[in-house]
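Undergrad: Those sequence lines, one after another, are chains A and B.
Going by our numbering, the first residue of the first sequence is number 1, and it counts up by one from there.
Going by our numbering, the first residue of the second sequence is number 1, and it counts up by one from there.
Honestly, the hints are just simulated from the structure, not real lab data.
One or more hints might be untrue.
Given that identical chains are not distinguished, each listed pair holds provided it fits within a single copy or across any two copies.
[Claimed, not checked] Below, in silico cross-link-like pairs of lysine to any residue (SDA-like), each with a Cα-Cα straight-line distance of 20 Å or less:
id, residue 1, residue 2
1, K412, N236
2, K226, L283
3, K286, L253
4, K39, N71
5, K363, N378
6, K406, E62
7, K406, E61
8, K411, N64
9, K225, K285
10, K406, S59
11, K296, P349
12, K102, N287
13, K226, E356
14, K296, N236
15, K412, P349
Protein chains: 2
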Amino acid sequence: MPFQGNALVIQSGGPTAVINQSLAGIMNASRDYPNVILKVLGAYHGLHGVLYENLIDLSHEESNTWKLIANSPGAALGSARIKPRNSDLDRIFEVFSAHNIKFVFYNGGNDSAEAAQLIREEANRRQYAIRILHLPKTIDNDLMVTDHCPGYGSVAKVVSHIIAGDDLDNRSFFNSVKINVVMGRHAGWIAAATAIAKKGHIDIEDHDEVGPHLIYLPEVEFNEKKFLNDVQKTYNRIGRATIVVAEGIADQLGEEKFAGEVDEFGNALLSSSGKLGDYLAHLIKKNLVYNSSFGKLRCRADTLGYLQRSIAGMASQTDQDSAFLVGSMGVHYIMQGETDKMVTLVRMPGQTYKCETSLCDLKLVAQKTKLMPRSMINKDENGVTEEFFNYALPLAGSVPEIHALKPQYIKKILLDYVRPSK
Amino acid sequence: MPFQGNALVIQSGGPTAVINQSLAGIMNASRDYPNVILKVLGAYHGLHGVLYENLIDLSHEESNTWKLIANSPGAALGSARIKPRNSDLDRIFEVFSAHNIKFVFYNGGNDSAEAAQLIREEANRRQYAIRILHLPKTIDNDLMVTDHCPGYGSVAKVVSHIIAGDDLDNRSFFNSVKINVVMGRHAGWIAAATAIAKKGHIDIEDHDEVGPHLIYLPEVEFNEKKFLNDVQKTYNRIGRATIVVAEGIADQLGEEKFAGEVDEFGNALLSSSGKLGDYLAHLIKKNLVYNSSFGKLRCRADTLGYLQRSIAGMASQTDQDSAFLVGSMGVHYIMQGETDKMVTLVRMPGQTYKCETSLCDLKLVAQKTKLMPRSMINKDENGVTEEFFNYALPLAGSVPEIHALKPQYIKKILLDYVRPSK
Chain A
1 MPFQGNALVI
11 QSGGPTAVIN
21 QSLAGIMNAS
31 RDYPNVILKV
41 LGAYHGLHGV
51 LYENLIDLSH
61 EESNTWKLIA
71 NSPGAALGSA
81 RIKPRNSDLD
91 RIFEVFSAHN
101 IKFVFYNGGN
111 DSAEAAQLIR
121 EEANRRQYAI
131 RILHLPKTID
141 NDLMVTDHCP
151 GYGSVAKVVS
161 HIIAGDDLDN
171 RSFFNSVKIN
181 VVMGRHAGWI
191 AAATAIAKKG
201 HIDIEDHDEV
211 GPHLIYLPEV
221 EFNEKKFLND
231 VQKTYNRIGR
241 ATIVVAEGIA
251 DQLGEEKFAG
261 EVDEFGNALL
271 SSSGKLGDYL
281 AHLIKKNLVY
291 NSSFGKLRCR
301 ADTLGYLQRS
311 IAGMASQTDQ
321 DSAFLVGSMG
331 VHYIMQGETD
341 KMVTLVRMPG
351 QTYKCETSLC
361 DLKLVAQKTK
371 LMPRSMINKD
381 ENGVTEEFFN
391 YALPLAGSVP
401 EIHALKPQYI
411 KKILLDYVRP
421 SK
Chain B
1 MPFQGNALVI
11 QSGGPTAVIN
21 QSLAGIMNAS
31 RDYPNVILKV
41 LGAYHGLHGV
51 LYENLIDLSH
61 EESNTWKLIA
71 NSPGAALGSA
81 RIKPRNSDLD
91 RIFEVFSAHN
101 IKFVFYNGGN
111 DSAEAAQLIR
121 EEANRRQYAI
131 RILHLPKTID
141 NDLMVTDHCP
151 GYGSVAKVVS
161 HIIAGDDLDN
171 RSFFNSVKIN
181 VVMGRHAGWI
191 AAATAIAKKG
201 HIDIEDHDEV
211 GPHLIYLPEV
221 EFNEKKFLND
231 VQKTYNRIGR
241 ATIVVAEGIA
251 DQLGEEKFAG
261 EVDEFGNALL
271 SSSGKLGDYL
281 AHLIKKNLVY
291 NSSFGKLRCR
301 ADTLGYLQRS
311 IAGMASQTDQ
321 DSAFLVGSMG
331 VHYIMQGETD
341 KMVTLVRMPG
351 QTYKCETSLC
361 DLKLVAQKTK
371 LMPRSMINKD
381 ENGVTEEFFN
391 YALPLAGSVP
401 EIHALKPQYI
411 KKILLDYVRP
421 SK
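Next up, chain A with everything else stripped away, as it sits in the complex (with noise of 0.2 Å):
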């Protein structure tokens, strides 16, 4: 008898604009082997869903079905961020041999590659065949390997049109300093992408000077007195900044004050809080030396939090076609007898942006975490370099585009006014 049977999808950890791209991806091509995989069933609830059996038939949708739901954010199968226990995986083979499940399609990051291992030796140890692939998708795009990770380009765009607003908005005050704190626990990819919104903008005052103006990177040492002269600098030169500040920065500041929870992976919750904002404005309204006569100091602090990742109708095409292809291409490629790895991202040489795909090993993957490089961090530590939005630009997919009046001044006829204090 040839090698066939059900195959599962896990979705886990947090969603994405387009994690459901790659399920759609997945529903795709496995038509292509009726044969060899008989049913594709879904977990619901990732891992929970494993344990408690909970499995939904997804072979019998239509193919319009998954054209809709791909272009919806939140996982349509339902997450979890679930370490499976040693009594968990004695279950989680109960269940895959109940129902004859043969070949696992993992979508996550680096946690659930870690998970995907685990099962893989639980498998070794029971000799139970089984072909196991993971798809990467973060929003943090931190995972080794790969060109990039489906979940970023969306959630590149999405900041980048928010930082692109708020820096007009910001620039329609006097002495306006905002901060905005993104997500990024260790790796600065989506604080960094706000700088795309330096590239849409047109018709500026030449004094004046696009937003996001400094920008703070995990990998990047944090310090206080730094970021204060920073600030400082930038206010003498245009009267205004706007920052943005990954939300890994928190760690630095070593204080417990700014973290919340903590998951089954031992990650700290950080982004459910406006304290490393509220913080961050507090140094600044307490230090900033500004020109009065313009008012008093407007210093403002926003976290962007969830909707980072799942504003309806604002994902990138690329990245949308990204996620469809890894989950494609991970069907191609468990058919051809694959297994124990990440289906990865590479990207083609030459002027325009195209992505082919790959497979590395899982291990390559697993716990561990891609940084920025120094190369794509400018020299002041506090933005970053055309290296990076050569990578970055194609993967958000459009820039924002706005536009700000350059004024031409009339020429003053009376005398200068002392505004009375009262």
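Following the hints, position chain B against chain A.
TA: Frame of chain A, contents of chain B only:
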């Protein structure tokens, strides 16, 4: 000599995604009156620009410039939050006189209407012939008389797309309660607009329900017990909850801890802090009774902050049209001799949305706030009625298009799993 002179445009208060559309409308219509409106000047940073004689000549910009700037968020002329003091009024008329200003377009909210009134009273005292029209602008949608305020439609579109995606993100997890704090100090129009997300869903499971599930408005008394009871009931029904809270709820909690700085008009700063969301999340974590077999309670809070009014490329078309219309009609009205009024939008009866303009006395607008009528709030006081949807849907201009899977579960074969604690 006929009444003729220069026109002055003042952008005031918080910017919106379409504030520059009104400016473009003024620039476009003023071209029809070259012998009456000699030049159009812009006040650089609102009243600050008037006081310090920082005026911009807008007349020689090409019409294409206005098209580009109209589509960009932020106040292109610069904004300010200045309440004119007595000494300022002298200076304002020195500047008006020096620059032959005979027509003023004051684009702002109810605070700007108050400032416009003070300027009018001073003009009367001085017998300075000037015509002043107020053009409505506020994301808060809380100006009296007008059907809606330019700026609101775009924020309604933005927050509904954010909450639609956020609800799918939240739906990806078990036991997940998500709180989103949106703008709206006295009126709940923005919070209510998130309900538009409910109109975008299809294909969702029968026992499920699209979010936002609970919306708390400043118009309604906020009671922590009722809040917790609502959340518990929602959790018991669908195992999760997506909650929206207007920032103004903080006032009702009677805690100084939520408020920040106060501006010249006496408005406390609420938006730039995660404190209210953190407080409510803490309440829920402490009190919600949940099913721990699905894992820990996941409770997160985001404060949407300034991005609500400024995401590049997300303006509502209806909103852009409304903003342009009040600008251009403002010019036509002022040329007909109108003064001391606000341009209002009047919705025409009929199936299809259509607005024309009219005028109302400034006194009806200044310092007043239009709250949501009781008929747009549901009887449980935690959501909206169809009347609200009829009102708001055309303003947002589009509903988020998102889809979720309606799972077909596989029949279970095994005994129930009891997960050991280690």
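Undergrad: Pop the pair K406 and E62 into one bin, within, between, both or neither, using alpha-carbon distances up to 20 Å.
TA: This pair counts as between: shortest inter-copy Cα distance 12 Å, intra-copy 53 Å.
Undergrad: State whether the alpha carbon distance between K226 and L283 is at most 20 Å within one copy, between copies, both, or neither.
TA: Within one copy, since 12 Å is at most 20 Å while 38 Å is not.
Undergrad: Taking 20 Å as the upper bound on the Cα-Cα distance, should K412 and N236 be classified as within, between, both, or neither?
TA: For K412 and N236, the Cα distance exceeds 20 Å both inside one copy (24 Å) and across copies (67 Å).
Undergrad: Classify it for me, K296 with N236: is the Cα-Cα distance of at most 20 Å met within a copy, between copies, both or neither?
TA: The answer is within: 15 Å in one copy meets 20 Å, while 48 Å across copies does not.
Undergrad: Taking 20 Å as the upper bound on the Cα-Cα distance, should K39 and N71 be classified as within, between, both, or neither?
TA: neither (23 Å within a copy, 49 Å between copies)
Undergrad: Tell me, please, which holds for K296 and P349 at an alpha-carbon limit of 20 Å: within, between, both or neither?
TA: neither (51 Å within a copy, 46 Å between copies)
Undergrad: Which holds for K411 with N64 at a C-alpha limit of 20 Å: within a copy, between copies, both or neither?
TA: neither (63 Å within a copy, 25 Å between copies)
Undergrad: 20 Å Cα cut-off: does K102 pair with N287 within a copy, between copies, both or neither?
TA: neither (61 Å within a copy, 44 Å between copies)
Undergrad: For K226 vs E356, is the C-alpha pair at or below 20 Å within one copy, between two copies, both, or neither?
TA: Neither, since 41 Å and 54 Å both go past 20 Å.
Undergrad: From the Cα coordinates, with 20 Å as the cut-off, is the pair K412 and P349 best called within, between, both, or neither?
TA: Classified as neither: same-chain Cα gap 56 Å, cross-chain 49 Å, threshold 20 Å.
Undergrad: Pop the pair K225 and K285 into one bin, within, between, both or neither, using alpha-carbon distances up to 20 Å.
TA: Answer is within; shortest intra-copy Cα gap is 14 Å, inter-copy 37 Å.
Undergrad: Pop the pair K286 and L253 into one bin, within, between, both or neither, using alpha-carbon distances up to 20 Å.
TA: Result: close within a single copy only, 18 Å intra versus 28 Å inter.
Of the numbered hints listed earlier, those contradicted by the structure are 1, 4, 5, 8, 11, 12, 13, 15.
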